[in-house]
Amino acid sequence: MRLLITTAAAVVTIALSATAQAFCGFYVAKADTSLFNRASQVVLVRDGDRTVLTMANDFEGDVEDFAVVIPVPTFIEREQINVADNALIDHLDAYTAPRLVEYFDPDPCQRYDVRELAAMASRPVSDEDMNGEREQSLGVTIEASYTVGEYDILILSAEESDGLITWLTENGYRIPDGAEEVVGSYLRQDMRFFVAKVNLEAQAESGYSYLRPLQVAFESPRFMLPIRLGTLNADGMQELYVYALTRTGRVETTNYRTVRLPSDTEVPEFVEAEFGEFYRDMFTRQVEEENNRAVFLEYAWDMAWCDPCAADPLSPDELRRLGVYWVGSPAREQQSLVQPAAQNVFVTRLHVRYDAEHFPEDLMFQETGDRSNFQGRYVIRHPFTGEASCDTSDYEQQVQERQEREAQQLANLTGWDIDEIRERIPTLADLRPEEEPWWVRIWN
Amino acid sequence: MPAFVSGMTTLSTIRLSDPRLYQIGVLTCLVTFGIVVLDFGIHWQNAAAIIATALATQWLGGKLVGLPSFDPLSALITSLSLTMLFRTDVVVLAALAAGVAIGSKFLIRVRGKHVFNPANFAIVTLILASDHAWISTGQWGNAAIGALALACLGFLVLTRAKRSETTLSFLLAFAALLFGRAFWLGDPISIPMHQMSNGALLIFAFFMISDPKTSPDTRLGRILFGIVVALVAMSIRFVLFEPAAPVLALIVCSPLVPLIDAAFRGDFYQWHAPAGEPLFTRRPKCDY
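Sequence order for the protein chains is A and B. Going by our numbering, the first sequence opens with residue 1, and the numbers climb by one from there. Going by our numbering, the second sequence opens with residue 1, and the numbers climb by one from there.
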């Protein structure tokens, strides 16, 4: 019997005869989390002591003998558990993902007044960004307030929790080495567990071939994410994305450094075609520079808007389904034809690559009052390649200097070889369409 | 007297032997390191507002209580501590914190000593009063070398100030409690090690709880005080789950200092003793 542990944070996944793999999305020029293997996503809604935790499980495989054991900071009842739709987290991921914007140099021979230039500079031209393809959530009907989707939830009372390990062993689940100690430590800290087994019948009825994210709502002064169980049987570093949705402002870790991802950097044009690799290698480089000990801030923004938008902000309905209970009720929305703009929801996207050695303690968070916006934004500037009606030697010089600067910045950010980068940057002459021989126009 | 002459008088009252000069030097290095290397996200407007307000409040308070000269050193130390620890996205709150800090020195006094460490008092007051004020306890990270460097630099300040008992007793008690808790829970030793090698904790221990003006007068009292603060900090951290536990613990425990002083009569600390007098004296002085 083979046991594999999926990498979900806050979750130890116990599977029998199954393979755990990260799903692999196919996106171009948009750094989605699916570019990483073993990526787990957690949405943390926090308001005072009230918390709603949504955990996206990247498990794929035979789900017949599958169970997740989830530690929660307080005893919970069945009504506090729910299942969400993957589309909600995908949308949140798309909305907060690091983005690439592109600008086109104006004709260097043309004179613009200041206002026109300013307007141009602030306009993102990328088609993808302009259209911001909105991912529509697939509708999920929650059958009744007591249903928990395709999962059979076993809530263990305090007494039964003591026997959690025994229960798992007796039911044929193999426990990873060290799990007993961590479970014991959590129990002494008054943390509780619930076990979610996949109910095949319910899953067949739901029509989903994958497992939907589990949600749990609880009230606790502990604003934290238990990651220790996830590190037990891990093969190398794990990838975790935390999307915090709060009322007041940005969320940061209190027991690890929260570092902003480098942003607003100009990079060479060819990065557009390989933005995924760029993001992955840049992140790896930043993690190494922080000695594998930092949590990275990738996005912090008021949910009411975005600029530029990688995807539309989440609708009040989507937010409510993620647990943001303070946004307007559906009844009120129907009365009002206009979608409320200010949702009073601040989103923070944190990205951490962790293992037990560098992150021995669970992630502890706090909500700050900081509402200043931050996003991972990278800029491409396309040189003007049209026909020039004046001497453009100055402009060519500027472009050359800019391209060299961009090459150095890219090498710095990603650790890519500077010479290879330089080779891949075309000169302005290469970019311009070849001039027609003079005789072509004589008789045409 | 022309303003520049009175300024020179002020400067002439500062002695090179004053430990606060070293403290200002070390704090300035730490703030610079935090801004340049660690990217604390400190707005220069906040730093400027804090320093200007603190100095102005110190000057005004000094005038009102009739201090013979304007001594900017303590106000500068408070300013640097606030710049390093206090976070806000509203400049007015930064200025208010500085005003509250220095104001508390003049207003909340028992037996000729101020009760609360000024920066500590301001941080806690503002955090309780506004959503836009917080402390970033994780901002220093846990790099062991960094922690060591901070500790050594801090210790230098302490040995100059000759009041290391509070710091040491606090750190030892806090470490003992963290390691004891880990042992009880069956946790690996890496967890309490990680908790102890926190830059913010060391800064608190070396630069805030060590404040000689607000710690007990006797050695025994200081040791006792350090242990009590550690106990309260542990309770706040693991019962109330507040990340800024030591800072909150200090404010809770500060009113105990006059009681401890009453129980153990001791020497009163002066920043700079007149020539021929020891740093510690039994003669209470109105020092701000």
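Read the hints as simulated data drawn from the structure, not as lab findings. What you are looking at is a predicted structure, and each value in this text was computed from that prediction instead of being measured. Backbone N, C-alpha and C define an ideal beta-carbon position, used for all residues, glycine too. Be aware that a few hints might be false.
Partial list, computed: chain A residues near chain B (C-beta under 7 Å) [as the list claims (entries may be wrong)]:
#1 185
#2 358
#3 432
#4 436
#5 437
The following label-pair restraints were derived from C-beta to C-beta distances [to be verified]:
#6 235/B with 78/A: 28 to 36 Å
#7 326/A with 130/B: 36 to 44 Å
#8 109/B with 188/A: 14 to 22 Å
#9 281/A with 92/B: 52 to 60 Å
#10 402/A with 130/B: 50 to 58 Å
#11 180/B with 170/A: 20 to 28 Å
#12 90/B with 281/A: 43 to 51 Å
These are the hints, each one checked on the structure:
| no. | hint | in the structure |
| --- | --- | --- |
| 1 | 185 | holds (4 Å) |
| 2 | 358 | violated (9 Å) |
| 3 | 432 | violated (41 Å) |
| 4 | 436 | violated (53 Å) |
| 5 | 437 | violated (56 Å) |
| 6 | 235/B with 78/A: 28 to 36 Å | holds (33 Å) |
| 7 | 326/A with 130/B: 36 to 44 Å | violated (20 Å) |
| 8 | 109/B with 188/A: 14 to 22 Å | violated (44 Å) |
| 9 | 281/A with 92/B: 52 to 60 Å | violated (43 Å) |
| 10 | 402/A with 130/B: 50 to 58 Å | violated (44 Å) |
| 11 | 180/B with 170/A: 20 to 28 Å | violated (34 Å) |
| 12 | 90/B with 281/A: 43 to 51 Å | violated (38 Å) |
Of the numbered hints given earlier, the model fails hints 2, 3, 4, 5, 7, 8, 9, 10, 11 and 12; all others are met.
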